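Since chain A is already given, all that's left is putting chain B on it; use the hints.
As they're listed, the protein sequences go chains A and B.
Residues in the first sequence are numbered consecutively from 2, following the numbering used here.
Residues in the second sequence are numbered consecutively from 88, following the numbering used here.
Everything labelled a hint here was simulated from the structure, so no lab data went into it.
Some hints could be false.
[Claimed, not checked] From the structure, some residues in chain B lie toward chain A, with a derived Cβ separation under 10 angstroms: (1) Val-99; (2) Phe-100; (3) Tyr-445; (4) Ser-448; (5) Cys-452; (6) Asp-493; (7) Leu-494; (8) Leu-683; (9) Ala-685; (10) Ile-734.
Predicted model, so just to flag it, every value in this text is computed and none were measured.
The C-beta atom is built at its ideal place from N, Cα and C for all residues, glycine as well.
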Amino acid sequence: MSWPQGTRSSSRRSLQVKFVPDEDVLKHIADDAGAKVRKDKAQLSVSVKRFVKKLENISDNEAQEILEEKNYVAALGICAQDPLGNGSNISGGEVYSFQTPKRANKMAELASELAQTPEKNVIPNHSKCPEKMAKTPQSKCSSSNKVQQRNKKKEFVSTTPYRLRKRLAAPDPYLESESEYSASCSEEEDEEEQKEASTVLSDQKTPGKTKAASTPPPRNSLAKKIKEQKMGNLVEEYFEAHSSSKVLTSDRTLQKLRKRRLNQQTLHELLKNAPLAYAAEIRDLNEQHESLFSKWMLQLHLGFNIVLYGLGSKRDLLEKFRTSLLLDSVHLVVNGYFPSITVRSILNSITEEVLDHIGTFRSPLDQLEFITKRFKEDSSLELYVLIHNLDSQMLRGERSQQILAQLSSLPSIYLIASIDHINAPLMWDQTKLRLYNWLWYETTTFNPYVEETSYENSLLVQQSGSLALSSLTHVLHSLTLNARGIFRLLAQHQLEKKDNPSYPGLSFQDFYQQCREAFLVNSDLTLRAQLTEFRDHKLIRIKRGADGVEYLLIPVDESTLADFLEKEDEDV
Amino acid sequence: MSTCSVSKGCFVFKPNAKKRRLPEKTAHDFRSTSHDSEDTELRFVTCQSLWNQIKFETEQIQEDLNKQLLDNLVSFLSRSHSDFQEKTTKWTCRMKFREIPTAAVVLGVNVTDHDLTFRGLSDVLQDNITPYVALLEAKDCPAIKNLMQKLMGQLMNCDIEVDSLEDEDCVQVPQNRIRCSMLSLISWYESVTKKTDSGTPSKKRNSSSRHWQSPPVVVIFKDMESFTTKVLQDFIVISSQHIHELPLVLIFGIATSPMIIHRLLPHSVSSLLCIELFQSLSCKEHLSTIIDKLLLTSRFPFKLGEKVLQVLINIFLYHDFSVQNFIKGFQLCIVEHFYSQPLSVLCCHLVDLKKRVYSLSHAQCENIRRLPSFRRYVEKQESGKQIELLTNDSFLKKETERLLEDLYVYHENYVSILRCLHVFTSSLPKYPLGKQIRELHCACLENQVWETEEYESSLQLARMLNKTDLVSMLQQCVEILTSSSGKEFDKTVEKLKEFLTQFQNLEVAEASQERDVSVSSQKELQKKTDLYHLQKTLLELKESRRSKKLTKFEMLRFEVVDYIDRLVRKYLVPADNRTLHEIVYFNAATVLRGHLNAAPRTALHTALNNPHRYLKAFSTVVMAGEEPNADAASSDQVDDIIHARFIRAVSELELLGFIKPSKQKTDHVARLTWGGC
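Bound conformation, chain A alone (with noise of 0.2 angstroms):
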């Protein structure tokens, strides 16, 4: 236990310290065991009542911890009726059903506690406040000072005794076994669990401790009993949980299966095929929200910026939203789920689009600050944004967000968005809450997530890479034949390297020299030129290794560039 955790408990009730020389204690273990343990006998069970009292104050502070609890929560309104039936009002703890750390906590302290100081009076009433607990001792032990001092001392010697009775009780065991109070072979290992557990729990003990833990535990302390397994369980548990840090995971995976990975066309296929459950209900929860459309409007137009959250796509709800209220006005709809969607693309599709501004900037930033001073200039100007999944994978960043927030404080930007991610509200910070100025709208519609999920990223929808695919012939169509061959050959060197990992692509070197092999060029200048041809195409990723050479390499996965090279085969 800590110096501070001491000091609180000995303000909390004022301490007695009994001088007990070491022998005394030796000869209490080894000798008149038994006698002692009588005479001990009645303080022992006092100590116990002590124990059962503070279990009971224990008790009652939690109570009075829940209590408080429920005040915050009935403050903030939970309790009271909602007209909606919204689902947010309920009490974390209610959703959450984890609930026991706060109480696990708290026997550790008082099971450290009791085997600390075992002689100590017990007021009944615990102080609440925490700070009056910190301020006391300087008041109060300055009498007390010095026997704490000595009683530290003691602390280091009585390591000894400890040890001493555990080499002593080694030989005898029938000693202990034979006092009256256990009875039970059953008991003695309680005991020796009971041991270990304070071993764990505190390294420092007084010998008032050793005595104390010496004479076995009288039958009544049932709920000591309890506290010990308890703890027994806690330590075993915790042990358990962080031995093996390998997780054993079932080998069944879905390859097993017969079917076949199913891409996203026949998946859409299949699901539009599906019914959905409930629909009726589901419709009737959405035109719940939609009647909220105009309230929107209104809020947005008083400085709000509104986001909705809550399980189901919020996408044809926006769209909806959009379709009845928006069509006269400026707009923007940004898909954040789109895989390549960047704060960049959004501001340039308001500079371009929506300010018909023709030019480029340095960095997002200017370009933010561009548009800032356009729409402080021209009162007139009005733009409302909708944005689905603001939390998507590329908007989620730090610097996007900041953006994005700044761009939705302007007076005449309307930002309307709707997050999914659990863990979405954890973007923002004060500052950019603040520059947000959400207005927090729960709109579940249990809808499914169809555009969403439709970009091929999921981990169960095999990859087609039908996209890439199309974007290379493309390309390589209105190339020369020359140039196309030379592509040929970076691709099959790929795919005769995909079984290596750490393959780093195909060095300029090697490659020059293979094209010249192959007639395909005459000098190192002709493939530079085309080879940054592939790379504004984005055909090809050129990579300066650690030595200083160049690396080429086809940022496409294998599958499709084999289907690639398939195809290209098949043409000529």
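Same frame as chain A, now just chain B:
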């Protein structure tokens, strides 16, 4: 017009110019939405004007609160470089020149509101002292290079703005290419100050009337604690070398305590700073002022109910300490109230009330009749009046007007008495009814405060107050009541004054009495020296004291407390008990909480675990609990549709952030929530 595409993520829609809707149509939204389309336009106008008033008021308060701080800072700044200004070459000055004048502004933890403070500060500085103000934030300055870049960018930009007549090219080109060093900054400063010197006379007058010849350069570090120490140290050391060429002044925004400067900077560096400390008002005091000025006043007809106020205060205390957010919540309350309550049209100033009441439509009259508080009121009336109220519109209107005026008077009185009560409770030990007036206000709104235990105990404590305290409190109460606009308080004030004079009379009488007693007992004690007798006399003395009748003072004290108690019972009735309170008080705390303090995680969970909360017909769980580690292999022929649905469920769970593909094994996913990897 579709927004689905595989090649594009952003879609811009621009309607034809003539079809474009006009911006000033907010009122239209207001109207089309509400189910009862009664008086929407008027409601909207009232709402807007009320909000504008409140906004103006809050800004005013903000300004007043910051005024002192800003004034102090400005005077500090003008003092700091007066030596530089006068170009004195005194030895002491030269000694001092290695030190950078620094203002440490202790602002408290909340950051979002400070932006406003800093913006105000830099505006004031630019108006009064110097055009050269740079605001730096820690997140922009990870290294000294970035810091210099930011600093120079801001300073030189401001230069462009100040004299926009100058040819922009000659300033902007070097800015892009210039090497960010202290030297270039100094040369820039020299050129700038020289330019204003040699500028055309008219222009020079213009600028020099506001600023001095060589104005200081102010650098504001918004969040000093978040800067890396290295950057700060370097910057301070470098700039202290050049302080005689560049009159630099630093302003540190500090969230924790001024000690942090010495903890962040070693002695060698902090000794280069000449620090002066400024303390801004804490946000809690700020909130108290706002509540005092916005809620505890009869100037605004709109009021917050107990639950709503509690929600707002809790969000403030438990979540952000942001007064701005509190005001935002208040705005939302106003909007919600006027939007959802058709009768809120009557929530206006007393002057307009009569006209509005008499122009109510029949439907609105029915709305009034439907109000629960009005129903209660009707039930208490005799049968003849009941019929009149329920059938005769014009009678109802007359009654409504009277009731609303009553409500207005009630609120006026309520505030004054609340303040009086607060005078008492705020000085009691342990503050049983709360230290802040907002706590007392909540307690009084919640239920009848005199029935609570806290009130009982505070009365008990008040009965033990000493005279000086009591007198000063009474005086304060008299002040509050006389300054209040309520007409009913003449009598009360008189009564309180009477108490005061009684106290004064007591003073004379009691003093003599006291002396008598003490002298006599003293004498007795001196007479008998025997231990036994001494004990006896002491006991007697004690007895006599115990059984002694209450002194006049105590009697009077009881009277005063009882009087206060009577006032409280009369005036501090909770608003819920008043008839027609729904018109003026906003009570939908759940709505407010849902919008401001939402719990998306909970919503998601409830929807998955407990769908019947949303869909009343649900009996089984559809989407939840489909364990991704599929053991569906039991039958080889899996239905295609089930397979597809499974795939969809998995990808949706992935989208929602419950699982992610584990890299170690194919087809395996890792749990991300509740004890995942």
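Item checked: Agreement of hint Ser-448/B with chain A interface, Cβ distance less than 10 angstroms -> Violated - the Cβ of Ser-448/B stays beyond 10 angstroms from chain A, reaching only about 22 angstroms at its closest.
Check: Can Leu-494/B be said to touch chain A, with a Cβ gap under 10 angstroms?
Finding: 24 angstroms, violated
Item checked: Cut-off 10 angstroms, beta-carbon criterion: hint that Cys-452/B touches chain A -> With a minimum Cβ separation of about 25 angstroms from chain A (threshold 10 angstroms), the hint on Cys-452/B is violated.
Check: Holds or violated: is the Cβ of Ala-685/B closer than 10 angstroms to a Cβ in chain A?
Finding: 3 angstroms, holds
Next item on the list: Report holds or violated for the interface hint on Leu-683/B, using the least CB-CB distance to chain A and a cut-off of 10 angstroms.
Entry: 7 angstroms, holds
Margin query: Can you verify the interface hint for Val-99/B: is its Cβ closer than 10 angstroms to any Cβ in chain A?
Written below: 4 angstroms, holds
Next item on the list: Double-check Phe-100/B for me: the hint is only fine if its C-beta lies closer than 10 angstroms to a C-beta in chain A.
Entry: 5 angstroms, holds
Check: Should the hint that Tyr-445/B touches chain A count as held when the rule is a Cβ pair under 10 angstroms?
Finding: Violated, because the Cβ-Cβ distance from Tyr-445/B to chain A comes to roughly 28 angstroms (cut-off 10 angstroms).
Note to self: Is the interface hint satisfied for Asp-493/B? The criterion is a beta-carbon contact with chain A at less than 10 angstroms.
What the structure shows: 28 angstroms, violated
Notebook entry, point to check: Does the CB of Ile-734/B sit less than 10 angstroms away from some CB of chain A?
Noted result: 5 angstroms, holds
Against the hints set out earlier in the document, violations occur for numbers 3, 4, 5, 6, 7.
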